[in-house]
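Generate the whole structure from the sequences, applying the supplied hints.
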Amino acid sequence: MLLRKLFAAVFAVSLLIQSAFSSSPSLGSIIPRGAKRGTEVELNFNGDRLDDAVEILFYSPGFSVTELTPGGSAKHLKAKIAISPETELGEHLMRIRTKSGLSGVKSFWVGQFETVSEIEPNSEFATPQTIPFNSTIEGILENEDVDYYVIEAKKGQRISVEVEGIRLGNAFYDPYVAILNMERFELTASDDTSLLL
Numbered sequence: 001m002l003l004r005k006l007f008a009a010v011f012a013v014s015l016l017i018q019s020a021f022s023s024s025p026s027l028g029s030i031i032p033r034g035a036k037r038g039t040e041v042e043l044n045f046n047g048d049r050l051d052d053a054v055e056i057l058f059y060s061p062g063f064s065v066t067e068l069t070p071g072g073s074a075k076h077l078k079a080k081i082a083i084s085p086e087t088e089l090g091e092h093l094m095r096i097r098t099k100s101g102l103s104g105v106k107s108f109w110v111g112q113f114e115t116v117s118e119i120e121p122n123s124e125f126a127t128p129q130t131i132p133f134n135s136t137i138e139g140i141l142e143n144e145d146v147d148y149y150v151i152e153a154k155k156g157q158r159i160s161v162e163v164e165g166i167r168l169g170n171a172f173y174d175p176y177v178a179i180l181n182m183e184r185f186e187l188t189a190s191d192d193t194s195l196l197l
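Using the working numbering, read the sequence shown as starting at 1 and increasing by one per residue.
A hint or two may mislead.
[What the hints assert, rightly or not] Here are the simulated DMTMM-like pairs of lysine to aspartate or glutamate, each with C-alpha atoms no more than 25 angstroms apart in a straight line: (1) Lys78 with Asp51; (2) Lys80 with Asp48; (3) Lys75 with Asp48; (4) Lys99 with Glu118; (5) Lys80 with Glu124; (6) Lys36 with Glu152; (7) Lys36 with Glu67; (8) Lys80 with Glu67; (9) Lys75 with Glu88; (10) Lys36 with Glu118; (11) Lys36 with Glu164; (12) Lys154 with Glu118; (13) Lys106 with Glu183; (14) Lys99 with Glu67; (15) Lys154 with Glu124; (16) Lys80 with Glu55; (17) Lys106 with Glu67; (18) Lys75 with Glu142; (19) Lys75 with Glu114; (20) Lys78 with Glu152; (21) Lys155 with Asp191; (22) Lys75 with Glu55; (23) Lys78 with Glu40; (24) Lys155 with Glu88; (25) Lys154 with Glu114; (26) Lys106 with Glu124; (27) Lys80 with Glu183; (28) Lys80 with Glu42; (29) Lys155 with Glu183; (30) Lys80 with Glu138; (31) Lys106 with Glu164; (32) Lys36 with Glu138; (33) Lys78 with Glu124.
[As the list claims (entries may be wrong)] Distance windows between CB atoms, simulated: (34) Glu114 with Gly72: 22 to 32 angstroms; (35) Leu93 with Ile151: 15 to 25 angstroms; (36) Gly71 with Lys154: 22 to 32 angstroms; (37) Gly104 with Asp145: 20 to 30 angstroms.
Keep in mind that the hints were calculated from the coordinates and are not lab data.
Heads up, the beta-carbon is just placed ideally off N, CA and C, and yes, glycines get one too.
This is the structure:
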């Protein structure tokens, strides 16, 4: 008899937990995933049950929401975020609070360089996207996607490239970065460097 009551209690609690989570918002993606400190950026959130959003919660100082606009459906939300010039560089955690609950945590990156949006088509060697030095490229890489960028550099000038792929936490990501000359000869490349996935 005691076992039946215990089973019934566990079953009832699991139903309550399930119904609580089914009404909480779900945050799938944020575009862009980062911005330069000292700027204001418009963020596009995609997920489920975002139509009654009331607040974006950041777990570190330096962020203020200047505008929060439902995206026309429960799956989209837009917001303008002001990032203080004193905000620490790196990863910051955030989530969305709605009238019905809290979303899961997502990361947002703050950098020191201007953000340049990827412009298609840049998937062919003949049509690369020109980018300035000291910039962050924000874009979407699909499976087996190849993107070409061009920069103007002098002989002997140091070039540093960092890819924040798997650290964004969306999916497995195995980047390969190569520097080619105008004749498409590979000058140097990097694949699977330790600790910087």
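Structure-based check of all given hints:
Restraint check: the Cα-Cα separation between Lys78 and Asp51 comes to about 10 angstroms, which is no more than 25 angstroms; the hinted pair holds. For the given pair, Lys80 sits about 20 angstroms from Asp48 by alpha-carbon distance, which is consistent with the 25 angstroms threshold. Taking the CA atoms of Lys75 and Asp48, the gap is near 5 angstroms; set against the 25 angstroms cutoff, the hint holds. Pair hint Lys99 plus Glu118 does not hold up; C-alpha atoms about 35 angstroms apart against a cutoff of 25 angstroms.
Taking the CA atoms of Lys80 and Glu124, the gap is about 34 angstroms. The hint is violated against a cut of 25 angstroms. Between Lys36 and Glu152, the direct Cα distance comes to roughly 23 angstroms. Compliance with the 25 angstroms bound is thereby established for this hinted pair. A threshold of 25 angstroms between alpha carbons decides the hint, and for Lys36 with Glu67 the separation of about 18 angstroms falls inside it, so the pair holds. Taking the CA atoms of Lys80 and Glu67, the gap is near 5 angstroms; set against the 25 angstroms cutoff, the hint holds.
At most 25 angstroms may separate the alpha-carbon atoms for a hinted pair to count; Lys75 and Glu88 exceed this at roughly 30 angstroms. With a CA separation close to 16 angstroms, the supplied pair Lys36 and Glu118 stays within the 25 angstroms bound. Simply put, Lys36 and Glu164 have alpha-carbon atoms about 15 angstroms apart, close enough for the 25 angstroms limit, and the pair holds. Between Lys154 and Glu118 the CA atoms are separated by roughly 24 angstroms; this keeps the pair inside 25 angstroms, and the hint holds.
The suggested pairing of Lys106 with Glu183 is violated, with an alpha-carbon distance near 41 angstroms, which exceeds 25 angstroms. Between Lys99 and Glu67 the alpha-carbon distance is near 17 angstroms, which keeps this suggested pair within the 25 angstroms criterion. For the given pair, Lys154 sits about 24 angstroms from Glu124 by alpha-carbon distance, which is consistent with the 25 angstroms threshold. For the suggested pair Lys80 and Glu55, the alpha carbons sit about 12 angstroms apart, so the restraint of at most 25 angstroms is met.
Restraint check: the Cα-Cα separation between Lys106 and Glu67 comes to about 19 angstroms, which is no more than 25 angstroms; the hinted pair holds. Our distance criterion of 25 angstroms between C-alpha atoms is met by Lys75 and Glu142, whose separation comes to about 21 angstroms. With a CA separation close to 29 angstroms, the supplied pair Lys75 and Glu114 exceeds the 25 angstroms bound. For the hint pairing Lys78 with Glu152, the CA-to-CA distance comes to about 36 angstroms; that exceeds 25 angstroms, so the pair is violated.
Restraint check: the Cα-Cα separation between Lys155 and Asp191 comes to about 23 angstroms, which is no more than 25 angstroms; the hinted pair holds. At roughly 16 angstroms between alpha-carbon atoms, Lys75 and Glu55 fall within 25 angstroms of each other, so this suggested pair holds. About 13 angstroms separates the Cα atoms of Lys78 and Glu40, which keeps this hinted pair within 25 angstroms; it holds. A C-alpha spacing of about 34 angstroms is found between Lys155 and Glu88, which places the hinted pair above 25 angstroms, so the restraint is violated.
Between Lys154 and Glu114 the CA atoms are separated by roughly 21 angstroms; this keeps the pair inside 25 angstroms, and the hint holds. Straight-line distance between C-alpha atoms of Lys106 and Glu124 comes to about 32 angstroms, which puts the hinted pair past the 25 angstroms bound. Under the criterion of a C-alpha separation no larger than 25 angstroms, the hint pairing Lys80 with Glu183 is inconsistent with the structure, at around 43 angstroms. Simply put, Lys80 and Glu42 have alpha-carbon atoms about 4 angstroms apart, close enough for the 25 angstroms limit, and the pair holds.
A hinted pair counts as satisfied when its Cα atoms are at most 25 angstroms apart, and Lys155 with Glu183 qualifies at roughly 16 angstroms. Annotation: proposed proximity of Lys80 to Glu138 holds, straight-line Cα distance about 17 angstroms (limit 25 angstroms). At roughly 15 angstroms between alpha-carbon atoms, Lys106 and Glu164 fall within 25 angstroms of each other, so this suggested pair holds. Taking the CA atoms of Lys36 and Glu138, the gap is near 11 angstroms; set against the 25 angstroms cutoff, the hint holds.
Restraint check: the Cα-Cα separation between Lys78 and Glu124 comes to about 32 angstroms, which exceeds 25 angstroms; the hinted pair is violated. At roughly 30 angstroms, the beta carbons of Glu114 and Gly72 sit within the given window of 22 to 32 angstroms. Between Leu93 and Ile151 the Cβ separation comes to about 32 angstroms, which falls outside the hinted range of 15 to 25 angstroms. Between Gly71 and Lys154 the beta carbon distance is about 45 angstroms. The supplied range of 22 to 32 angstroms is therefore violated.
For the hinted restraint 20 to 30 angstroms between Gly104 and Asp145, the CB-CB distance of approximately 26 angstroms keeps it satisfied.
Violation of the numbered hints given earlier is confined to hints 4, 5, 9, 13, 19, 20, 24, 26, 27, 33, 35, 36; the remaining hints are satisfied by the structure.
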